[in-house]
Amino acid sequence: MAIDMSKYRDMFLSESREHLQTMGRLLVELEKSPDDREGLDALFREAHSIKGMAASMGYRATAELGHHLEDFLSGFRAGGAIPPTAIDRVLAGVDLLEGLIDDLSAERPERDVRPFIVGSTGAAPPSAPPAPPPLADEAEAVGPGNGAVTIPVASGEEILKIVIELVSGAVAPAARALLMLRELAAQGEVLDADPNERKLLQGGAVPRLELRLKSWRAPQEIKDLLLAMSDVARVSCVVERVRPATRQSRERTVRVRTGLLDQFINLTGELVTNRYMLQAAYNEGRDQDMRDGLERLTRLITDLHHHVLQVRMMPLASITGRLPRMVRELEQQTGKEVALRIAGEEVELDRSILEALADPLMHMVRNAVDHGIEERGEVLVSASREKDLVLVEVRDNGRGLDAEAIRRKAVGAGLLSPGQALRMAERDLFPLICLPGFSTRAEVSETSGRGVGMDVVKAVTEQFGGTLQIASERGRGTSIQLRLPLSVAIIRLLLVECGGELLALPITRVLRTLELERAEIRSSGRQMVVPLGNELVPLLSLRRMLRQPAKPVAGTIPVVVSEARGRKIALVVDRLVGQREAFVKSLAFPLDRIAGVSGATILGDGRIVFIIDPQGLLDEGTASGGRSGVSP
Amino acid sequence: MEQLLAFRLGGELYGLEIAHIQEVVEAPPLYTIPRAPAAMPGALNFHGSILPVLDLAAFLDFAPGKRDARVLVLSPAVAHLALAVTALRGVVPFAPESLLPTREEQARDTCIRAVLTQGREMINLLDLKTLLGRLESL
Chain A
1 MAIDMSKYRD MFLSESREHL QTMGRLLVEL EKSPDDREGL DALFREAHSI
51 KGMAASMGYR ATAELGHHLE DFLSGFRAGG AIPPTAIDRV LAGVDLLEGL
101 IDDLSAERPE RDVRPFIVGS TGAAPPSAPP APPPLADEAE AVGPGNGAVT
151 IPVASGEEIL KIVIELVSGA VAPAARALLM LRELAAQGEV LDADPNERKL
201 LQGGAVPRLE LRLKSWRAPQ EIKDLLLAMS DVARVSCVVE RVRPATRQSR
251 ERTVRVRTGL LDQFINLTGE LVTNRYMLQA AYNEGRDQDM RDGLERLTRL
301 ITDLHHHVLQ VRMMPLASIT GRLPRMVREL EQQTGKEVAL RIAGEEVELD
351 RSILEALADP LMHMVRNAVD HGIEERGEVL VSASREKDLV LVEVRDNGRG
401 LDAEAIRRKA VGAGLLSPGQ ALRMAERDLF PLICLPGFST RAEVSETSGR
451 GVGMDVVKAV TEQFGGTLQI ASERGRGTSI QLRLPLSVAI IRLLLVECGG
501 ELLALPITRV LRTLELERAE IRSSGRQMVV PLGNELVPLL SLRRMLRQPA
551 KPVAGTIPVV VSEARGRKIA LVVDRLVGQR EAFVKSLAFP LDRIAGVSGA
601 TILGDGRIVF IIDPQGLLDE GTASGGRSGV SP
Chain B
1 MEQLLAFRLG GELYGLEIAH IQEVVEAPPL YTIPRAPAAM PGALNFHGSI
51 LPVLDLAAFL DFAPGKRDAR VLVLSPAVAH LALAVTALRG VVPFAPESLL
101 PTREEQARDT CIRAVLTQGR EMINLLDLKT LLGRLESL
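As you go down the protein sequences, you meet chains A and B in turn.
In terms of my numbering, the first sequence opens at residue 1 and continues consecutively.
In terms of my numbering, the second sequence opens at residue 1 and continues consecutively.
In short, the hints are calculated from the structure, not lab data.
Glycine included, every Cβ here is placed at the ideal spot set by N, Cα and C.
Mixed in with the good hints, there may be bad ones.
Below, a sample of chain A positions facing chain B; criterion: calculated Cβ distance under 8 Å [as the list claims (entries may be wrong)]: (1) Phe438; (2) Glu501; (3) Lys585; (4) Leu587; (5) Phe589; (6) Pro590; (7) Gly596; (8) Val597; (9) Ile602; (10) Gly604; (11) Ile608; (12) Ile612.
Facing chain A, according to a computed beta carbon distance under 10 Å, are these residues of chain B, among others [what the hints assert, rightly or not]: (13) Leu30; (14) Ala36; (15) Leu44; (16) Leu51; (17) Pro52.
All chains, please: the whole structure from these sequences, using the hints.
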């Protein structure tokens, strides 16, 4: 086959995974309403798609299993309902398909699907057509036309390399080999043969026949066909792998609307036009045209940027697909009754944020089922746009967080002194569950106890410049809200000057900026504070947090109000410079080892500006924040 | 024959295989990294990559002194890092089999992988693996 299928492989893998997720979701829905005709149809179509794609890629076991599930389901489609046993079986089939996709993605041979397919007969509905019979054993030589070999799937044409050894006592081996060659020619196209037809016609001894056959048939079929013929001692028949000389690293793929691609082409066209316009203006020294041209270029670049970011956007649905299935399994494990509702699945986020969010989201839902819901209840996963941010919320109507338990645990773990714990308000206690290793459950439960914890959820959120908020009420439920930027590449930054350096804060971390008069500042104990609304917000010196020399205060004091550990803080800077959109670069080792620095950006003049994270700056060393405090 | 780039750190002569070096950059502007350790005087913008500069002499506890304005940008396969040294010397060809091994504890403390004798001089071959390992705990 001339087409290099490896190009399509990644696409196949990612699309199959999506189909499998959808199947999982549909199955869970069908379990609740087994006679949902549309759901059953949709499920059937998903299986059909997987089969078709796998077949055209030449992934035989995957195609076979897809076909089997499709067949299995078609019986229930006719009957109009699907029983629970059948749902379990299809779920098991989906698991097996996932295993196959893993095999293919790791470039391993596909695992054996026959035991699964053979084991199907018991679960088939009475109205179902007979499940495809197991493939013939190698010992049994089965000819093609007797209906026993079932690979009706158009499996994609492949080149088979066939070696036939004839028994030593064959009477007319050359004639026998010629017959085989002609038989095979009827199954496809014989590309080459050794000995070839001309040689065979001359007769003589033919111990073996080697040939390459381009055929739609599976190697096993060809093998069976040959073994059924006389004088054949041994047959080997394998698919010839045409491997690229160098192994390409696996690139992740995205699907792009063709409309968007058209816009790229249009933009490219405009950029080319713009370039000639600028060239002409430059050649003829037309300053005004140069300026206009540059302005136009700026607009085009902004446009291009916007569209490039669009390509990276994916709907939340791409990571919520697994949730229904997980909740179903949790229901079975815990005996609880949980209604999972997902809203705002169409809300789009940058691909890399979504990928990082997949596990934390599962964890939060698991937590909600495990720790929140008591016997029955509802878990709501929702997403919505809030200006430049996306709010992702996991909410349950369960028992709510136990502030007392958190207090005890925090004291027990040495995170708070008993006095501190007593004075702490409930809402200040909740963020403590995000500390590494913190769990209010005495025993480690099978589902929530392992793997990612709330500390990971928080770290992932903050890594993208997002924030995490926890609200909870005893007996009413818990809500965890993640506010995430839409896209990682471009964020709005607030630039400040401090100790002669230009620094940036993600605007998502800035509540407001102020120019304080000296008289507005009060002292509370050894700590300087500023009243904002009805709160006394501690004043912290960014210079001290950055270990820069202190500076005497003169005139008004520029302050950035931010949040750290769920509380407001006011950072004193030297100067507020302004806001700008910036392409943020994440930092590589060893820069990523520096706490409190979350990224950097390069300004138009080549200057590097580091992005600081106030929370990270506080976490490092100064547990109470006292060392950074502005003292009277 | 292989080649190394020789440079001085305090009073010692060190060297690094040129295969590990992507480029020597002439006096790039350095931008202060907030909260960076003292041995990291700043970062440079290297064709759009942000690379921290490690002052090797300071990091390996040589007496503070002048620094060569040029920095060695390591190959990206090694690390996203540039090295500042006391003074650059030049390229020295050497036969890998003429390298003398160092004791293990010496390698750890001084980041020296092997020693090369060059006439009356000794060149310490920088052990990048140990160096990067020590950066893990900044």
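Structure-inconsistent hints, enumerated in ascending order: Hints 1 and 10 not satisfied by this model.
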